[in-house]
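Chains as they are written, first to last, in numbering that gives the first Met the number 0: chain A, 0 to 51; chain B, 0 to 204; chain C, 0 to 204; chain D, 0 to 261; chain E, 0 to 217; chain F, 0 to 217.
You may find that some hints are simply not true.
What the hints assert, rightly or not - Taking lysine-lysine and the BS3-like style, the derived pairs with C-alpha atoms no more than 25 Å apart in a straight line are:
{"hint": "1", "chain 1": "D", "residue 1": "Lys194", "chain 2": "A", "residue 2": "Lys48"}
{"hint": "2", "chain 1": "B", "residue 1": "Lys190", "chain 2": "A", "residue 2": "Lys48"}
{"hint": "3", "chain 1": "D", "residue 1": "Lys29", "chain 2": "A", "residue 2": "Lys37"}
{"hint": "4", "chain 1": "A", "residue 1": "Lys37", "chain 2": "B", "residue 2": "Lys190"}
Said to hold, decoys possible - Derived, one-sided and incomplete: chain D residues facing chain B with beta-carbon distance under 7 Å:
{"hint": "5", "residue": "Ser183"}
{"hint": "6", "residue": "Lys194"}
{"hint": "7", "residue": "Ala256"}
Everything labelled a hint here was simulated from the structure, so no lab data went into it.
Virtual Cβ for every residue (Gly too), placed ideally from N, Cα, C.
Chain by chain, the residues:
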Amino acid sequence: MMPELGKYAFAVLSSYGVAITLITVLVLGTLWRSRRVKAALDEVEARRKADG
Amino acid sequence: MELEVRNLSVSRGGVPVLEGLSFRLAPGRALILRGPNGIGKTTLLRTVAGLQPPLSGEVGLDREAMAYAAHADGIKATLTVAENLSFWAQVFGTGDITPAIDGFALDELRNRPAGGLSAGQKRRLGLARLLVTGRPVWVLDEPTVSLDVDAVAMFGAAVRRHLATGGMALIATHIDLGLDEAEVMDVGPFKAKPPKVEDFDEVFL
Amino acid sequence: MELEVRNLSVSRGGVPVLEGLSFRLAPGRALILRGPNGIGKTTLLRTVAGLQPPLSGEVGLDREAMAYAAHADGIKATLTVAENLSFWAQVFGTGDITPAIDGFALDELRNRPAGGLSAGQKRRLGLARLLVTGRPVWVLDEPTVSLDVDAVAMFGAAVRRHLATGGMALIATHIDLGLDEAEVMDVGPFKAKPPKVEDFDEVFL
Amino acid sequence: MTADRGAIRTASWDKPLNLNALWEYANPLKFMRTTERVLPFFTVTAFACLAVGLIWGFFFTPDDFRQGSTVKIMFIHVPTAMMAINIWAMMLVTSLVWLVRRHHVSALAARAAAPIGAMMTVIALFTGATWGQPMWGTWWAWDPRLTAFLILFLFYLGYMALWAAIENDDTAADLTSVLCLVGSVFAILSRYAVKFWNQGLHQDSTIMKVGEKDPLAADYYLPLVVCITGFVLYFVALVLIRTNTEIRARRMRALLARERQG
Amino acid sequence: MIALLVRDLRLAVRAGGGFGLGLAFFLIVVVLVPFGVGPETGLLARIAPGILWLGALLACLLSLDRIFALDWEDGSLDLIATSPLPMEGVVSIKALAHWLTTGLPLVIATPLFGLLMSLPQAGYGPLVLSLLIGTPALSVIGTFGAALTVGLKRGGLLLSLLVLPLYVPTLIFGAETARRGAEGLDTATPMLMLAGISFGVTALLPFASAAVLRVNLR
Amino acid sequence: MIALLVRDLRLAVRAGGGFGLGLAFFLIVVVLVPFGVGPETGLLARIAPGILWLGALLACLLSLDRIFALDWEDGSLDLIATSPLPMEGVVSIKALAHWLTTGLPLVIATPLFGLLMSLPQAGYGPLVLSLLIGTPALSVIGTFGAALTVGLKRGGLLLSLLVLPLYVPTLIFGAETARRGAEGLDTATPMLMLAGISFGVTALLPFASAAVLRVNLR
Ligand code: HEM
Ligand SMILES: Nc1ncnc2c1ncn2[C@@H]1O[C@H](COP(=O)(O)OP(=O)(O)OP(=O)(O)O)[C@@H](O)[C@H]1O
Ligand SMILES: Nc1ncnc2c1ncn2[C@@H]1O[C@H](COP(=O)(O)OP(=O)(O)OP(=O)(O)O)[C@@H](O)[C@H]1O
Ligand SMILES: [Mg+2]
Ligand SMILES: [Mg+2]
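Construct all of the structure, not just a fragment, from the sequences and the given hints.
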């Protein structure tokens, strides 16, 4: 299954590894922040509604 | 010429602080703004002086007519009192600093570097700057901070002289300036209310 | 404990400004310093607080007993009101900031970055710091600058409470603080005279 | 803008498409509603394209006779490098829209895009460096393209730092927009300056020259196109989510500020 | 306008040597380089034009935050903004004052520093000329950066971060001119580019700086 | 004391990235050098250790004025001086906070910048180690300089001027360690000297700084 990368294994694997990690990290970070901000905003809005 | 403010709303830090303010200031008149700490007097004066745009409403006089004096006096510590004043005199194209020096009893301090002045002496220098601007509308934010009784009287006299020549003055203060002829306006009732409309664009303001 | 100042002379910028000052402040008493602008009140207070050495004479109390509040409040714009106060509370080892917050009605502003306060609100925060120092002698230089009437009353109440617990207060001011029980001292008569002796060493002072 | 100048005829629908209608999306609420509707589509296709493209590229492409297995890096390096540049261009456009028409969403979109662009730049730099080590025998060279790219990275950093440093949102939007504008001019200027300064090691554009004498083999071309599409969609999906987040954060700051006002 | 220029120059002089300090910093960078890279003359001569340009650039950079920060802090900037002076004019004058107090002294002193770095004989002319043409661009670009960061407390490092990429083209053409000069090659092309940058920047950037400054003041 | 450290770190972070900006400046100096001296790899590799040390030194230098100036301007320093904290402690904490926000990030990021400067393989270890040992000395010496110039308005350049000669020994031994490392030579002697400087300076200089600060406050 694993393709034969020969002597360049490190270069190719690390490239893919770093790229995929960074891509995922950014996605996770974005989702995390989105969720947090959404929750915080909902809380503020709810408080506002409650206060009238 | 007349300063007319119509239905002005002002904001600070992206938040409306005062709204719906209107007043009119005729030549020779002074208006004293009062209100508790944090109500928005400084913000209002900066808006009138044209340093920040109003949220809505308008200031019916060009900013070119205003001389603004804030808490910070814009005094350069390494320049002497006379040098500080003549700089502003040149910028405003008026030239003569003698009336300003005399008006605030700065003659003794004339050649002293401004950094070596006491708090009240600095303030006097800051106020003397108004006299060299030659502008008709004075917009003053707590002008008498740190001044002693004599100096407050000096300031009152300067304002009266300015009004007598058809000038105007808009002054925010917490203490009594002894300017009995001036109108007084409390800005407290104009405090901005939280908006009701649930519109996003609105809330961004 | 008692603050006793004996025959004090103070200098600013290498020039003597006040000389021969003596006074005594017993626990529970306040002393208000008055005098025209530039007479040397700030210089005197800095000397009493131990920030600069006296020219001659002595301050009969350790600087460890003094809490000094100057014009500049030492407020960090990016920290919140509560963070600013708790920093000082930790430094002075007192810990609890609630009395200070309550004493100057800062509860609403508690989590606001101090940079976004108005002039008077900042000043209130600066004064609240005194309450967290836990020190017996307050040395205050024009504490009520920019404060509105309510806030001045708040300040007066805070000083009274401090005095009631055996504290002392030394306050320089130009306006009426409403502290009728305090003694008042005019520093005008202690203005330093130009030296007469033609002695070089003397002239250097 | 008048209505008829804004209307163009499109072949596919054969009915006038009113460009003015586009400005409606400048309303934050409308923007958020619309994006939340289209977002699933972008997310799914982005994920699909990236997965297909990268797996295809990694597992099912032959080794190059000169570059060996390192050609596989191309499927990441080329799309990210392109995106890094294109995202700056997008930020430039949205910044101009903010400056001219003052639509908040536009400024916030630029703010939302910057970290993505910076990350693309980092990936392109990293993959380029690891590719360069076997190919050119060095991690880094002061080649025109590389150097100009590094300067672009610095612009991203400065741009983000400026946003972070300013408290007032409108002020921040204004200042960063001007920075983006001036930065673009200088980025282009740098590109030429650097070219003049040193002749390059990095190859020039090849993928755009299909049909010329040395075209990229279809073996590589197809997965590369899939990858590029994937990265574009990935960017679109992310920037939409992030813009929504920025809008919410902005609204929250405004509400909190008013709350404190009492 | 002239009043402003005079005041700025006077302030620079009074503040304990506005002229001297930029120079001194330049001197010290030049002195430190041999400590850093080792004292071989051949090596030094090769890197001399570049390091001298770099030193000039850093000396400029370090003094940038003085352009507006002081006036901002003591409120002068608010007062100047409400004065009859047009903001574009103010910004240009500020850049000019910065160049007169920082760029010009550097240009004049460079031949001396060339000696310390064993710059080849042929290099002096092009080096000085390139600095003379290039440093105004540094001041103008720096003024833009200073205007951008003026509201921010101690934005010094942010200022550096923003300004340095903007400095790159100027540095490249400037150092290239100086290097070609030192190697006895033709310097016309990079010199022309450098002049182009200087003119373009001086003509256009003040508008951006003025706009940015107005935003920061409100 | 810990309160002071926490506050300083918090201020550094709030001020829009105290950590990031020093680093960014270092990055930019490193990036600019090739623009100045030209892109040849061999030449760059030879000057790399020295330039990296110089870059770290300049990044430190630029952030020095933040150590006391802000606290001076807003009056905090007067208040701290009248607080129960001993001045020596205040000065040491300030130096520590400066190192944590400036020196440490530089040390961690240096290997990356080594790449840009084509630093030889063998040089990384000694370079990082020498920076780790040497940068605390830079912070402590810098704090002394900052204490000396604290009263002077915008003493930034004067500060540089005063501090740079004090930095020379640290720079010499630090760069020597790094250079020897890059050339594969023995690094023990300069490394020891560097450590000696760091220890001596950390043990003694705070007393001088505290004394100087007290004088400046009155
Ligand atoms: C740190 C090193 C590198 C950097 C910063 C870098 C940067 C870039 C940039 C900016 C582009 C242009 C994208 C565009 O214009 O849309 C690009 C494209 C490309 N790079 Fe690199 N690169 C690096 C190393 C390499 C290496 C070592 C190789 C292969 C030997 C390589 C192969 C390519 C290819 C094939 C393209 C596509 C060119 C095209 O057709 O447009 N790169 N790279
Ligand atoms: N960045 C900010 N975000 C939110 N609110 C702010 C910000 N800056 C200032 N404010 C608030 O705006 C209000 C108006 O401040 P302003 O300085 O105009 O008051 P003022 O009437 O001049 O008060 P004072 O008499 O104390 O000087 C204050 O309540 C202040 O807390
Ligand atoms: N460097 C200096 N050289 C000479 N005289 C100075 C210097 N600095 C201050 N002075 C003078 O010392 C005097 C005392 O100043 P100080 O600030 O103590 O006055 P003050 O009583 O607090 O006045 P205010 O009520 O205005 O605050 C002033 O007259 C001032 O001009
Ligand atoms: Mg106010
Ligand atoms: Mg005083």
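Worksheet item: Okay, which hints does this one fail, numbers in order?
Response: When the structure is compared with the hints, numbers 1, 4, 5 and 6 turn out to be violated.
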